[in-house]
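All chains, full assembly: derive it from the sequences and hints.
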Amino acid sequence: MFPIHVIFMSNAGGMLMTFGKRMKIALIGAVIASLAGSLFVLLLSESARMLTIISLIVAVAVLGLVLVAQFILEGKPAKVRVPVFILIVVLSVCTVLSVALYNIGKKITFPGTSDEEAYEELCDMDGVVVQIDEGNLSGWRIPATAVAEGEPRPVILYFGGNGENSSHRVENMLSNEKSSYLYENYDFFFMDYPSYGNNDTELTEDSLYQFTLDAYNYVSSLDTTSGITLLSYSIGNGPAMYLASQDDVNIDSMIMLAPYNSGYDLYNANLNIFYGPLRLLVAFKLPSYKYAADVECPVTMIASTDDEIIPYESSRNLFSSLSGGAANFVTVEGVLHNDFFSSPEVINAIRNSLEAA
Amino acid sequence: MRTDMKYRLTLAAIFAAIPLVLFTLTLFIMATSNIWLGLFPVYLFAGAFLVVFILSFVPFMKDHMWLSVIAAVLLAVLSGFILHLVV
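Those protein sequence lines, which keep their order, are chains W and Z. Using the numbering used here, read the first sequence as starting at 1 and increasing by one per residue. Using the numbering used here, read the second sequence as starting at 358 and increasing by one per residue.
Among these hints, one or two may not hold up.
What the hints assert, rightly or not - So these bits of chain Z aren't anywhere near chain W, every CB distance computed over 10 Å:
#1 N391
#2 I392
#3 W393
As the list claims (entries may be wrong) - Listed below are the simulated PhoX-like cross-link pairs for lysine-lysine, each with C-alpha atoms no more than 25 Å apart in a straight line:
#4 W:K285 to W:K107
#5 W:K79 to Z:K363
#6 W:K21 to Z:K363
Rather than coming from a laboratory, the hints here were simulated on the basis of the structure. The C-beta atom is built at its ideal place from N, Cα and C for all residues, glycine as well.
As structure tokens, this is what we get:
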């Protein structure tokens, strides 16, 4: 510890500046400068701004706490003072790291993507915009190519991965013949999650669940809808499982690609620390295993032993939680997480499941 | 225990800097997919250290060390702004 009046002591009084003092001042200056520069960047970044402000508030609070503690503990022996200071610092570090982990986890789980280029490409198609209490929900519908306009047809309601948005996926499907089986006999609907695509509603676990109900209500209210199959991929399996478990929802079947048991599994797959009280830091708990017990429609789960994002064991655990209707677990090998839609084995499994529905 | 206000403030500032330092490092490393970009605060620290240390040998600056600290802070903020524009 070196008091500031010593640090900034000038040489004007005739005192020579030693090498050690130069080092101390350079170290203090470097800490101040690097903090200022780094915090400046973080404040400029929209996604990190709130987190940075919280961190600055914590730092000011620590400053105040240490000052107050010094006055209160004045005259007390070092064996009392030192633990109090250490406790303050440990608590503040825990607070800041917890806030950082919570928010970073939230951002990684649902980064909120949009694709302007793909959106422009699709401008000739009719987009879907649903009015809800919180604003609008938007997405796209690909009409069934083998069913005459106005005739009843079943619908695939798709819940995508966290890096997807409806414009990107739909544009990709239309330009890739491999995907045409998904909209041959079915209308294909992909509604963007809150904060994705053109949706500016706030994304929370509750708003995510409400979104699934809004999307379902819209699709089921259409005159042409003769039945609904849920197709979900990756993070979309949690919301889809919630929707299928609801009493007043009528789903024909579910096809789940790379499903997971809960949000904890997803977090732990990245950083294996979220157990016990640390589970409070998981922003999206998505407890699919709880909802699975209430799902009554036929379910097909397709999981890869080589999925590097969703642990295969997590998919197996979810499958064992199902207790309702017919269930089928398909294991594929050598398929990476982002290769599900291009894998012939997976495509075959989806086709078989759609034909059986 | 020292009771002068400057000492107390210095101690409090050092304690307050600990969570801030950890926060910036954590956020930079976790939020950027590029590890070299994530080490930006470390580069700033090294750069600012060199600036202040070298300036302490300049005759006028060694009598006004706070000027070299301000110069280092300004350079760091400028670097941060450039990083923000480039990335």
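Consistency of the hints with the structure:
1. N391: Per Cβ check, Z:N391 is outside 10 Å of chain W; nearest 14 Å; holds.
2. I392: 16 Å, holds
3. W393: For Z:W393, whose nearest Cβ neighbour in chain W is about 15 Å away, the distance exceeds 10 Å, so it holds.
4. W:K285 to W:K107: Holds, because 14 Å separates the two Cα atoms, which is no more than 25 Å.
5. W:K79 to Z:K363: 23 Å, holds
6. W:K21 to Z:K363: With Cα atoms ~18 Å apart, W:K21 and Z:K363 stay inside 25 Å; holds.
In this structure, none of the earlier numbered hints is contradicted; all agree with it.
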